[in-house]
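J.: Chains as they are written, first to last, in the working numbering: chain X, 1 to 156; chain R, 1 to 272.
Quick caveat, the hints were computed from the structure, so don't treat them as lab data. Among the clues, some could well be false.
[Unchecked claim] Mimicking DSSO-like on lysine-lysine, the simulated pairs with C-alpha atoms at most 27 Å apart in a straight line are: (1) X:Lys31 / R:Lys54; (2) X:Lys55 / X:Lys66; (3) X:Lys39 / R:Lys54; (4) X:Lys78 / X:Lys89; (5) X:Lys39 / R:Lys175; (6) X:Lys66 / X:Lys78; (7) R:Lys57 / X:Lys39; (8) X:Lys31 / R:Lys82; (9) R:Lys57 / X:Lys31; (10) R:Lys65 / X:Lys39; (11) X:Lys31 / R:Lys65; (12) R:Lys175 / R:Lys159; (13) R:Lys123 / R:Lys157; (14) R:Lys57 / R:Lys82.
Please read these numbers as outputs of a predicted model, since none were measured by experiment.
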Amino acid sequence: MDFNATLIGEMISFAILIWFSVHFIWPHINKAIEERQVKIAEGLNAAERAHAELKSADVKVAGEIKQARLQASEIIDKAQQQANQIIEKARGEAVSEINRLKAAAQDDIASMAQRARDQLREQVGALAVQGASKIVQREVDASTHKALLDQLAAEI
Amino acid sequence: MASEPQGGLTEYIQHHLKHLTPHTSEGGFWAVHIDSVTVSLVLGVLFCLWFWLKARKATAGVPGKGQAFVEIILEFVDGQVKDVFHGDRRILGPLALTVFIWVFLMNAMDLLPVDLLPWITEKFGIGHFRAVPTADINMTFAMSLTVFVLIIFYSFKAKGAGGYMHELFTAPFGKHPALWIPNFALNLVELASKPVSLAMRLFGNMYAGELVFMLIAGLFSAGAGLAGWALYGAGIIGYTVWGIFHILIISIQAFIFMVLTIVYISMAHDHH
Numbered sequence: 001m002d003f004n005a006t007l008i009g010e011m012i013s014f015a016i017l018i019w020f021s022v023h024f025i026w027p028h029i030n031k032a033i034e035e036r037q038v039k040i041a042e043g044l045n046a047a048e049r050a051h052a053e054l055k056s057a058d059v060k061v062a063g064e065i066k067q068a069r070l071q072a073s074e075i076i077d078k079a080q081q082q083a084n085q086i087i088e089k090a091r092g093e094a095v096s097e098i099n100r101l102k103a104a105a106q107d108d109i110a111s112m113a114q115r116a117r118d119q120l121r122e123q124v125g126a127l128a129v130q131g132a133s134k135i136v137q138r139e140v141d142a143s144t145h146k147a148l149l150d151q152l153a154a155e156i
Numbered sequence: 001m002a003s004e005p006q007g008g009l010t011e012y013i014q015h016h017l018k019h020l021t022p023h024t025s026e027g028g029f030w031a032v033h034i035d036s037v038t039v040s041l042v043l044g045v046l047f048c049l050w051f052w053l054k055a056r057k058a059t060a061g062v063p064g065k066g067q068a069f070v071e072i073i074l075e076f077v078d079g080q081v082k083d084v085f086h087g088d089r090r091i092l093g094p095l096a097l098t099v100f101i102w103v104f105l106m107n108a109m110d111l112l113p114v115d116l117l118p119w120i121t122e123k124f125g126i127g128h129f130r131a132v133p134t135a136d137i138n139m140t141f142a143m144s145l146t147v148f149v150l151i152i153f154y155s156f157k158a159k160g161a162g163g164y165m166h167e168l169f170t171a172p173f174g175k176h177p178a179l180w181i182p183n184f185a186l187n188l189v190e191l192a193s194k195p196v197s198l199a200m201r202l203f204g205n206m207y208a209g210e211l212v213f214m215l216i217a218g219l220f221s222a223g224a225g226l227a228g229w230a231l232y233g234a235g236i237i238g239y240t241v242w243g244i245f246h247i248l249i250i251s252i253q254a255f256i257f258m259v260l261t262i263v264y265i266s267m268a269h270d271h272h
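So that you can see chain R by itself, here it is in the shape it has in the complex (with noise of 0.2 Å):
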């Protein structure tokens, strides 16, 4: 922490920027981020468990506070992806959902004291967690890489797999031979770019935002004295408010992931 006396504000970010990861592996590829894992994992399920509950209790007459909630979610989501995709919603419907809600819970782990879950788990021994697992540049591309699996399925489903070999080749520039490289090459470009923005953007928004909460946080410990306490108010204020701000952050993340996965998708679907 940064009132390690030898440590300092960078020992304290560095710190905080270590993944746990199992000791027999450090570094290498199988150095798996426990904490990243977990996290998404537990946050995984109670996102299951809360929405089956819902979903057993619905009641076809006037919902509780909880299922009108739960229906305003799923509604609000079902419109985004009824405006984008024009088809059967069945399988792009609840991807969208898991994709919001799930990206939505991990952001908001950013709001939880940086300090917090890695101070509980030292108590049971483990020095580094990592409470944000979308600041977990693993974590995104694991997603991103999913629905870029899914893109290729669907790309294959709508347009069988000759059609979307030609589209490959003779989109966008026309189906003259000498333009089927840059064609395959330009959609080449095209398809790698989605999941890798997709990836980058959330990792970027949440690793820096995360950065941000730590560069704040060392206020804490900034000074001492009366300087000191004056910087002690300064963090509590600057860390609340960029805590409100990031409210915003994680809500916008989580839906632009969500957009962009159900229009990466439903362009998958259409010809061109």
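Here chain X stands alone, though its shape is the one from the complex (with noise of 0.2 Å):
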């Protein structure tokens, strides 16, 4: 078997074959290649991605129970405050009432015994009248005597 002219047709006709490979069935699996090379890191993105805002959402979570916290103290605090107003405010009003009632109170005992004393003061100047008018047998003529019995009565 010598070298000739079939195995160089058939040389020539594999080196077509070679070309239609490379460039007909080749970019077709290098397509799929790298589609599945696309999608695997794709996916391994994804993946990190995920890993990264799970990461944050758990920080900004931590963050926000933090922040909740501060401010549920504060309310309390502010609560607190409010409710110590509350009752110091009650208490102001109660002292002032009860200020009020006792000077009402005070007010009243004292008119009351400037009456008893103004009653008390005519009725000893009638007793006075009658124990004069008594003792001198007749009658004290309450008009003549009226500004001296007023004098007595104011005395007294």
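Taking the hints as your guide, dock the two standalone chains into a single complex.
T.: Pasting the structure below:
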């Protein structure tokens, strides 16, 4: 068997076959390979992103919990302050009401005492006139001695 | 070759259809086809090395192109196995992968110029060399008989000796004692047809494909002068077109051999 044109023809065909494979078969396989690579890369990226997102979400949640706690304690503080204020106010009002009532009672007492004193004075005046008239056995002219009697009553 | 003045096309083809055998045992049982054995072993080792290297360097991250290619093949084969066989795929998966890639590589030898390897080996004093192991009926039967042994093995394993015997004698017609012999005969035919069809299909396709290549190659030296050049051009076109078509054939044949192997072995797992 010698080297001859048959082998050359076959080699030319083989070269064309290789060219065909390179241009029409390999691109399809290569596309599938590259698609797979892209898909895997995307999948890994997505996983990483999700991981990072989870981490940041964790941080955010922790921050928010802290904030909420802070807010809650602020609200409690404020509420306590308000309660204190309300109590103070109520106390103040109660004291002023007590004072007012006390003052009114004192006024009442004073006016009642005054009235009693006046009545007494009048009665004493009348008694004195009665006593005097009995003593002198005659009618004392109340109108003549009114000025005297009044003076007497005022002195009592 | 065809140009050999006294030979012509017939001798060219006859020459090409002769296997490389040891001179001591020409034509006998021990006339081992050294060419088939060598090419298939070289391709088998290549396949193992290729996939082993890719598997060793495999990363869980974004794969390189080589790894992605291997992964695509693996996923494809595993998908085929998964579709047919619903069990432990740890043995059947690699088996299907090996069958697919190995048969494909051996078939792909058909795409090499039919005179290339013989021309190279002749430089080393070896006259006959057939490059396509799957166009050798010994090779295809070697594989299909291995599959056959696996079918028997898995039948015993899945059903037990008693269960398998029971199935051989009572399916498909029934358990009546008079039906035992027909059942068994039918099962034997069914069993035997599996390796035969598996081997003959692959062998027939590859042998015919090789033969067509040789016939087209005959055009290269079919004429003289202007007609000779025209035939030479026709030969190149025909050889190329058949080669492109053959890319499809070798892939399909490798795929069919793999799928049938899976189907047969998963059938061995099934109970009637």
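J.: Give a verdict on every hint.
T.: Against the structure, the hints:
1. Straight-line distance between C-alpha atoms of lysine 31 (chain X) and lysine 54 (chain R) comes to about 19 Å, which keeps the hinted pair within the 27 Å bound.
2. Simply put, lysine 55 (chain X) and lysine 66 (chain X) have alpha-carbon atoms about 17 Å apart, close enough for the 27 Å limit, and the pair holds.
3. Simply put, lysine 39 (chain X) and lysine 54 (chain R) have alpha-carbon atoms about 19 Å apart, close enough for the 27 Å limit, and the pair holds.
4. At most 27 Å may separate the alpha-carbon atoms for a hinted pair to count; lysine 78 (chain X) and lysine 89 (chain X) meet this at roughly 16 Å.
5. Restraint check for lysine 39 (chain X) and lysine 175 (chain R): not satisfied, since their Cα atoms lie roughly 55 Å apart, outside the 27 Å limit.
6. Annotation: proposed proximity of lysine 66 (chain X) to lysine 78 (chain X) holds, straight-line Cα distance about 18 Å (limit 27 Å).
7. About 20 Å separates the Cα atoms of lysine 57 (chain R) and lysine 39 (chain X), which keeps this hinted pair within 27 Å; it holds.
8. A hinted pair counts as satisfied when its Cα atoms are at most 27 Å apart, and lysine 31 (chain X) with lysine 82 (chain R) qualifies at roughly 25 Å.
9. Restraint check for lysine 57 (chain R) and lysine 31 (chain X): satisfied, since their Cα atoms lie roughly 22 Å apart, inside the 27 Å limit.
10. Pair hint lysine 65 (chain R) plus lysine 39 (chain X) holds up; C-alpha atoms about 13 Å apart against a cutoff of 27 Å.
11. Distance check on the hinted pair: lysine 31 (chain X) and lysine 65 (chain R) sit about 10 Å apart at the alpha-carbon level, within 27 Å; holds.
12. For a cut-off of 27 Å, the pair hint linking lysine 175 (chain R) to lysine 159 (chain R) stands: about 17 Å separates their Cα positions.
13. About 51 Å separates the Cα atoms of lysine 123 (chain R) and lysine 157 (chain R), which puts this hinted pair outside 27 Å; it is violated.
14. For the hint linking lysine 57 (chain R) to lysine 82 (chain R), the alpha-carbon distance of about 26 Å falls within 27 Å, and the restraint holds.
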